[in-house]
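Let chain A serve as the given structure and place chain B on it in line with the hints.
Now for the letters of each chain:
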Amino acid sequence: MQVQRLIATVEALEVIEKLKREYGELVFNQSGGCCDGTAPMCYEKKDFHVPSRNIKMGEVGGCEFFIDKDQFEYFRYSQIILDVKEEKAAFGNSFSLEIDEGYQFITRSRIFTDEENKSLA
Amino acid sequence: MAYSKPTYKPRYENFIGGEWVAPLNGEYFDNLSPVDGEILTKIPRSSTADVDAAVAAGVKAFETYKHTSVIERSTLLNKIADAIEANLEALAVAETLDNGKAIRETLNADVPLVVDHFRYFASVIRAESGTVSDLDENTISQEIHEPLGVVAQIIPWNFPLLMAAWKIAPAIAAGNCVVLKPASATPMSILILMETIQDILPKGVVNIINGAGGKIGKHLSTHPDIKKVGFTGETTTGQLIMQYATENIIPSTLELGGKSPNVFFESIMAKDDEFFDKAIEGLVLFAFNSGEVCTCPSRALIQESIYEPFMKRVLERVKAITQENPLDPTTKMGAQASVNQKEKILEYIKIGKAEGAECLIGGDEYKNKTFPKGNYIQPTIFKGHNKMRIFQEEIFGPVLCVTTFKDEAEALAIANDTIYGLGSGVWSRDAHQLHSMSRGIEAGRVWVNCYHLYPSHASFGGYKKSGIGRETHMMMLNAYRHTKNILTSFNKNKLGFF
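Note that the protein sequences, when read in sequence, are chains A and B. Note that our numbering has the first sequence beginning at -9, numbered continuously upward. Note that our numbering has the second sequence beginning at 126, numbered continuously upward.
Okay, chain A solo, but in the shape it has when bound:
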C-alpha cells in the first residue's frame, strides 16, 4: 500500500465536516514559528491565497493541505496525523477557524521507517 504523508483522525474529519457546513470549502496550511506555530491553520479556501511554492502534503476530508517549501524539507521524513482536541479556553491568537467552535487542530507526527522513506523517495 502507498505510504501516505498525511492522514486524519475520525475526530478531525468530523470537525472538518462541521466547519465545511458553516464556511464552505476549506484549505489547510501547516504553520510554523511563534506561539501557536507548528499547528495546522484552517481557513476558508476563498480567503487564503496558498503561497504558490508551497508543497501539497495531501488531502483531508476533501480539503487540500499545504506546507511551506522550506518547512517541508524537515517534515518529509514524518507522517503527519491531523488530529483535533476540544479547546474551550486557551485558544491562542491565530485566525484558524475551528477555534471559534471550541476546537484546536493539532499536527501529530510519526517518523517514517527506512522502508517507508525509500518508497516515498
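Honestly, the hints are just simulated from the structure, not real lab data. All values derive from a computational prediction rather than experimental measurement. The reader is advised that the hints may include incorrect statements.
Said to hold, decoys possible - Taking CB as the label site, the calculated pair distances span:
{"hint": "1", "chain 1": "A", "residue 1": "G92", "chain 2": "B", "residue 2": "N373", "range": "26 to 32 Å"}
{"hint": "2", "chain 1": "B", "residue 1": "D532", "chain 2": "A", "residue 2": "E105", "range": "47 to 53 Å"}
{"hint": "3", "chain 1": "B", "residue 1": "A479", "chain 2": "A", "residue 2": "G92", "range": "28 to 34 Å"}
{"hint": "4", "chain 1": "A", "residue 1": "D60", "chain 2": "B", "residue 2": "N373", "range": "40 to 46 Å"}
{"hint": "5", "chain 1": "B", "residue 1": "L578", "chain 2": "A", "residue 2": "P41", "range": "51 to 57 Å"}
{"hint": "6", "chain 1": "B", "residue 1": "C575", "chain 2": "A", "residue 2": "R11", "range": "51 to 57 Å"}
{"hint": "7", "chain 1": "B", "residue 1": "S584", "chain 2": "A", "residue 2": "E4", "range": "30 to 36 Å"}
{"hint": "8", "chain 1": "B", "residue 1": "N373", "chain 2": "A", "residue 2": "E4", "range": "33 to 39 Å"}
{"hint": "9", "chain 1": "A", "residue 1": "I71", "chain 2": "B", "residue 2": "E320", "range": "41 to 47 Å"}
{"hint": "10", "chain 1": "A", "residue 1": "G14", "chain 2": "B", "residue 2": "K444", "range": "50 to 56 Å"}
Stated by the list, open to error - Each computed DSS-like pair below joins lysine-lysine, with the alpha-carbon atoms no more than 25 Å apart:
{"hint": "11", "chain 1": "A", "residue 1": "K108", "chain 2": "B", "residue 2": "K167"}
{"hint": "12", "chain 1": "A", "residue 1": "K78", "chain 2": "B", "residue 2": "K204"}
{"hint": "13", "chain 1": "B", "residue 1": "K340", "chain 2": "A", "residue 2": "K75"}
{"hint": "14", "chain 1": "A", "residue 1": "K75", "chain 2": "B", "residue 2": "K343"}
{"hint": "15", "chain 1": "B", "residue 1": "K130", "chain 2": "A", "residue 2": "K75"}
{"hint": "16", "chain 1": "B", "residue 1": "K396", "chain 2": "A", "residue 2": "K78"}
{"hint": "17", "chain 1": "A", "residue 1": "K36", "chain 2": "B", "residue 2": "K340"}
{"hint": "18", "chain 1": "B", "residue 1": "K185", "chain 2": "A", "residue 2": "K78"}
{"hint": "19", "chain 1": "A", "residue 1": "K78", "chain 2": "B", "residue 2": "K328"}
{"hint": "20", "chain 1": "A", "residue 1": "K75", "chain 2": "B", "residue 2": "K475"}
{"hint": "21", "chain 1": "B", "residue 1": "K343", "chain 2": "A", "residue 2": "K78"}
Just so you know, even glycine gets a beta-carbon here, dropped at the ideal spot from N, CA and C.
Structure of chain B alone, referenced to chain A:
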C-alpha cells in the same frame, strides 16, 4: 514566601470607548490559570458587532486625539508608566497567574520593562522632529509626521503585558488610536492593566476586544476603518494578515518567531571566571519564560573542543532549576501557558526521541505536587544535529537542542541553516570572532556575550521568515504614521508653461 492568589472579578468585559462593555451576544469563555488549572475569571467571546463598536470608538476618539500636542501625548504616556509602576506587584501576580511564568520574572522583567517602554516613547517623541529642506532660494520642503488613524494590534500569550506595551506605546505616542485583541489564553492581565490606567486614558484611544481569532480577527484586519495591523504570532496567520492588508492597501508589521542559535566558542573556557559563569547562564536562558519566547536560544552550538566540560557545568546549572510554585520568588521556572502548549511540547519531545536525538536531561512533564493540575514541563536538553525537526521547528518550550561545530565557518553555516532570523547569541573572548560572527549571522538581533536583554532603544525584529518591522525603538514610530510633504513656493512668479 510565595504570593497568595488574589480573588479576581468573576468576569471581565471588553474595554470600548473608555467603558466596560459586555459582548453583544452575551457569550463568555473561561480563562484558566496554567499555574493550577483553575478558572481565573470569565472573558467575553466577542462577535464581529463588538469589533465594529470598538473600531467606531477608536474612529471617534481619533477626531480629537489626532490634534493632541506632543507634550500632551508624552505626559499621557508618563502617567500611564507611573500608574503601572505604582501597581507593579499586583500586575506581576496577575501576569504570573494568567501566563504561568515565574513571579521573579514578572516582578523583575515583564512589568518593569512595560513601565520603561511607556517612558521611552514618552521621551523620544519630545526630542524628534520632521525635516525642512531649502530646495532652492524660494522653495521649502517640509516632511511632517501624521498619525495613521485607528490601528489593529493582535498580540501573543507569551508576554501578554509586555507585548501590549510594545504595540500600544509607539502607536499612541505617534497619535493613533488602538483596537487591541489579547491572546485568548492570556486576556486577564491586560484587562487589569486597563483598569489601572482607565482614568488616565482619553476615552476610545485604547480599546480592548476579546475572543477567538477566526471571525473577529478577519473582521478586524479587513475593517475599512483600520489603517494598520500589527501581529505577533505564527507564520501562516502572518501571511493571511498580509493578504488581508492588501484589501484596504494598508501596512502590516509582523513578528513571527524564530529558532535562535546561541554559539559558544572554546575561548569561553580559557578561564573559569565570572565570564565563564555568565556563559553558562547564557546557555541555560533557554529556560527563561519557560522557553516560551520568540527569541528563545533554542539551538546551542558548542565548539567540539569544549563540549564535554562545558556541558557538564551546564547540566549542573539546569539541575538547579526549581519549578514548584510560580508565585514563590525563589522558583526559577514556571508553567507552560496552556494545556495545548504543554501537549505540543511533549509531542516535540517524542519527535526528538524518535529522530534519534540523545536526551541529556529532562524529557518529560514535571509532576507538580503543589499544583497537580497545572501545565509543567521539565527543562530538557537534546543532543543531535541541525537537520532534525527539533532543531528546525519552534517548540516554544523549555527544550534546548545542542550540537557541536569544528570551527567558525561551520558555526556560521549551522547558525544560518534555519528559515528564521530573529534572535541569536555569540560567546567568545576573541573580539575579531565576535565581530565576524555577529555580522555573518542572518538575524535581526545578535546578543554578543549576553542574551535575553530587551532594553528600549535597541531595535527588535526579524530577518527571513521571522517577520517584518522593528519594535522597541523610536524607528517604530514611523511604522505608525504617514509622512506628509508640504512643498511651499515663496516665488511670486509663475512657472511660465501656461
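Results for each hint:
1. G92/A with N373/B: 26 to 32 Å: Between G92/A and N373/B, where Cβ atoms are some 30 Å apart, the hint holds.
2. D532/B with E105/A: 47 to 53 Å: For D532/B and E105/A the Cβ distance comes to about 37 Å; the hint is violated.
3. A479/B with G92/A: 28 to 34 Å: holds (31 Å)
4. D60/A with N373/B: 40 to 46 Å: violated (30 Å)
5. L578/B with P41/A: 51 to 57 Å: The hinted range 51 to 57 Å is violated for L578/B and P41/A, with Cβ atoms some 34 Å apart.
6. C575/B with R11/A: 51 to 57 Å: holds (53 Å)
7. S584/B with E4/A: 30 to 36 Å: violated (46 Å)
8. N373/B with E4/A: 33 to 39 Å: With a Cβ separation near 36 Å, N373/B and E4/A satisfy 33 to 39 Å, so the hint holds.
9. I71/A with E320/B: 41 to 47 Å: Holds: the Cβ-Cβ distance is about 44 Å, inside 41 to 47 Å.
10. G14/A with K444/B: 50 to 56 Å: holds (54 Å)
11. K108/A with K167/B: Violated, at roughly 52 Å.
12. K78/A with K204/B: violated (37 Å)
13. K340/B with K75/A: Satisfied, since the Cα-Cα distance of roughly 19 Å is no more than 25 Å.
14. K75/A with K343/B: holds (23 Å)
15. K130/B with K75/A: violated (29 Å)
16. K396/B with K78/A: Violated, because 53 Å separates the two Cα atoms, which is more than 25 Å.
17. K36/A with K340/B: holds (14 Å)
18. K185/B with K78/A: Status violated; Cα separation ~34 Å.
19. K78/A with K328/B: Violated. K78/A to K328/B sits at ~32 Å, over the 25 Å cutoff.
20. K75/A with K475/B: holds (18 Å)
21. K343/B with K78/A: holds (20 Å)
Checked against the numbered hints above, the structure violates hints 2, 4, 5, 7, 11, 12, 15, 16, 18 and 19; every other hint is satisfied.
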